[in-house]
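There are 2 protein chains.
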Amino acid sequence: MGDSTQLTDLPIHEFLERLGSSDPVPGGGSAAALAAAMGAALVAMVAELTIGRPAYAEHEEAIRKIRFDAIDRRVELLDLAQQDADAYDVVVRARHLPKETEAEKAARSSALEAAMVDAARIPLRAAVVASEVLDLAERIAPIGNKNAASDAGVAAQLAAAGIRGALLNVRINLPYLAADEPMRASAPVEIARLEALATNGEHAALAAVDARLVAS
Amino acid sequence: MGDSTQLTDLPIHEFLERLGSSDPVPGGGSAAALAAAMGAALVAMVAELTIGRPAYAEHEEAIRKIRFDAIDRRVELLDLAQQDADAYDVVVRARHLPKETEAEKAARSSALEAAMVDAARIPLRAAVVASEVLDLAERIAPIGNKNAASDAGVAAQLAAAGIRGALLNVRINLPYLAADEPMRASAPVEIARLEALATNGEHAALAAVDARLVAS
Numbered sequence: 001m002g003d004s005t006q007l008t009d010l011p012i013h014e015f016l017e018r019l020g021s022s023d024p025v026p027g028g029g030s031a032a033a034l035a036a037a038m039g040a041a042l043v044a045m046v047a048e049l050t051i052g053r054p055a056y057a058e059h060e061e062a063i064r065k066i067r068f069d070a071i072d073r074r075v076e077l078l079d080l081a082q083q084d085a086d087a088y089d090v091v092v093r094a095r096h097l098p099k100e101t102e103a104e105k106a107a108r109s110s111a112l113e114a115a116m117v118d119a120a121r122i123p124l125r126a127a128v129v130a131s132e133v134l135d136l137a138e139r140i141a142p143i144g145n146k147n148a149a150s151d152a153g154v155a156a157q158l159a160a161a162g163i164r165g166a167l168l169n170v171r172i173n174l175p176y177l178a179a180d181e182p183m184r185a186s187a188p189v190e191i192a193r194l195e196a197l198a199t200n201g202e203h204a205a206l207a208a209v210d211a212r213l214v215a216s
Numbered sequence: 217m218g219d220s221t222q223l224t225d226l227p228i229h230e231f232l233e234r235l236g237s238s239d240p241v242p243g244g245g246s247a248a249a250l251a252a253a254m255g256a257a258l259v260a261m262v263a264e265l266t267i268g269r270p271a272y273a274e275h276e277e278a279i280r281k282i283r284f285d286a287i288d289r290r291v292e293l294l295d296l297a298q299q300d301a302d303a304y305d306v307v308v309r310a311r312h313l314p315k316e317t318e319a320e321k322a323a324r325s326s327a328l329e330a331a332m333v334d335a336a337r338i339p340l341r342a343a344v345v346a347s348e349v350l351d352l353a354e355r356i357a358p359i360g361n362k363n364a365a366s367d368a369g370v371a372a373q374l375a376a377a378g379i380r381g382a383l384l385n386v387r388i389n390l391p392y393l394a395a396d397e398p399m400r401a402s403a404p405v406e407i408a409r410l411e412a413l414a415t416n417g418e419h420a421a422l423a424a425v426d427a428r429l430v431a432s
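Top to bottom, those sequences are chains A and B. Under my numbering, the first residue of the first sequence carries the number 1, and numbering increases by one thereafter. Under my numbering, the first residue of the second sequence carries the number 217, and numbering increases by one thereafter.
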């Protein structure tokens with residue numbers, strides 16, 4: 001990014017300007033993680049608006065657990081948004097290494113391969129955590145405060161978009177990994193698993209939200 | 217929100233804390249608009265990474281136009297995120313009006329109906345602008361810098377989630393509109409149109425991104 005500012009300390013309007021600038025960092029990986037972090041925050045809000053209300057006392061314990069987990073995922077996803085930017089910064093630096101001589105080419109290539117491990121590993125972790133947020137949204141949608149049903153639905157949409165967006169970032173970086181890097185074999189399986197979770201979780205959460213919007 | 221801070225001036229980590237708090241403002245409407253604003257920023261970044269590169273000279277003019285439009289939509293969506301929070305704040309205040317006497321009940325009810333017009337109108341506008349961002353992502357995905365194909369894909373995911381999330385906020389508020397409010401009749405038609413745009417645009421954009429990820 002050209003300086004050491006933490007993304008998460010930036011005012012939103014400034015973050016959006018940097019996201020849209022000609023600097024490739026921050027990019028889609030950070031944006032996907034932040035979308036899922038907003039989803040986690042919305043799950044926590046729905047829980048807050050439910051806890052302590054007599055009409056929802058039956059689910060109090062489950063919802064306290066959901067709130068706790070949602071806050072945990074929000075914090076991790078915010079950290080992953082930063083980590084993704086840092087990792088991609090290392091990739092950009094490796095790309096700018098000299099490639100005149102054979103020795104320089106070899107050094108640049110192995111620097112890029114090393115940098116790509118984090119550039120693939122971090123969005124893969126973000127997709128996993130986003131899938132946990134989607135699960136929390138799916139669980140709170142039918143039992144949370146009915147007046148916040150749309151918020152549970154938005155949480156599910158943002159978590160699903162976060163999963164799919166993070167996985168695109170894994171996929172674009174995989175071809176640059178070293179031939180013997182284990183993620184080359186393991187990531188495609190994990191990608192397929194997480195894509196299925198995104199589709200199923202999104203449908204289930206939105207069906208629950210729809211039922212409550214119609215009933216209200 | 218209890219104070220007059222502009223959401224968009226908040227550092228990201230603080231915005232996420234407020235989003236997750238027991239205060240219903242900001243809520244899902246602001247989060248959906250912000251997700252689409254991140255999508256618009258990513259479209260602008262892909263354009264920035266494409267403009268001026270000889271390999272993409274053929275599409276230079278189209279991409280300059282896409283960049284211009286993406287920046288415009290980013291600014292409007294950020295403003296809509298704030299407007300949504302402000303509008304819902306008015307709803308919350310109306311809900312807290314006294315409802316002891318018949319006169320108080322009538323006054324509270326008409327204050328709520330009036331507040332709900334903005335609470336439905338603003339996310340409907342956000343869904344329209346998010347659908348324009350999705351269109352921009354779909355257009356840049358096949359012709360933008362191939363190395364940023366995943367960013368165009370994340371932009372499409374975030375725009376689609378922004379549309380659907382904003383529409384959930386319209387739907388939850390519609391039943392509270394006055395019986396003679398024109399949006400009661402017009403909004404369902406517009407909601408169906410925008411949902412179809414979200415589905416079709418997302419598929420088209422991701423097919424274009426997939427083709428470029430496989431080819432790379």
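I should point out that these hints are in silico values taken from the structure, not numbers from a laboratory. Because the structure is a prediction, the values reported are computed rather than measured. Treat the hints with care, since some could be wrong.
Claimed, not checked - The calculated label-pair distances, taken between Cβ atoms and stated as ranges, are:
id, chain 1, residue 1, chain 2, residue 2, range
1, B, Glu230, A, Ala103, 42 to 52 angstroms
2, B, Glu274, A, Ser109, 42 to 52 angstroms
3, A, Ser186, B, Ser402, 17 to 27 angstroms
4, A, Glu100, B, Ala412, 45 to 55 angstroms
5, B, Glu276, A, Leu97, 58 to 68 angstroms
6, B, Ala423, A, Ser186, 18 to 28 angstroms
7, B, Glu406, A, Ala207, 46 to 56 angstroms
What the hints assert, rightly or not - Chain A regions said to be covered by chain B (calculated; three or more residues, Cβ under 8 angstroms):
id, region
8, 13-19
9, 163-172
As the list claims (entries may be wrong) - Which stretches of chain B does chain A cover? Using the computed rule of at least three CB atoms under 8 angstroms from a CB of chain A, they are:
id, region
10, 315-326
11, 365-374
Each residue gets a CB set at the ideal place from its N, CA and C atoms; glycine is no exception.
Each hint, compared with the structure:
{"no.": "1", "hint": "B/Glu230 to A/Ala103: 42 to 52 angstroms", "in the structure": "48 angstroms, holds"}
{"no.": "2", "hint": "B/Glu274 to A/Ser109: 42 to 52 angstroms", "in the structure": "30 angstroms, violated"}
{"no.": "3", "hint": "A/Ser186 to B/Ser402: 17 to 27 angstroms", "in the structure": "51 angstroms, violated"}
{"no.": "4", "hint": "A/Glu100 to B/Ala412: 45 to 55 angstroms", "in the structure": "53 angstroms, holds"}
{"no.": "5", "hint": "B/Glu276 to A/Leu97: 58 to 68 angstroms", "in the structure": "29 angstroms, violated"}
{"no.": "6", "hint": "B/Ala423 to A/Ser186: 18 to 28 angstroms", "in the structure": "26 angstroms, holds"}
{"no.": "7", "hint": "B/Glu406 to A/Ala207: 46 to 56 angstroms", "in the structure": "22 angstroms, violated"}
{"no.": "8", "hint": "13-19", "in the structure": "holds (count 5)"}
{"no.": "9", "hint": "163-172", "in the structure": "holds (count 6)"}
{"no.": "10", "hint": "315-326", "in the structure": "violated (count 0)"}
{"no.": "11", "hint": "365-374", "in the structure": "holds (count 8)"}
Hint compliance for this structure: hints 2, 3, 5, 7, 10 are broken, all remaining hints hold.
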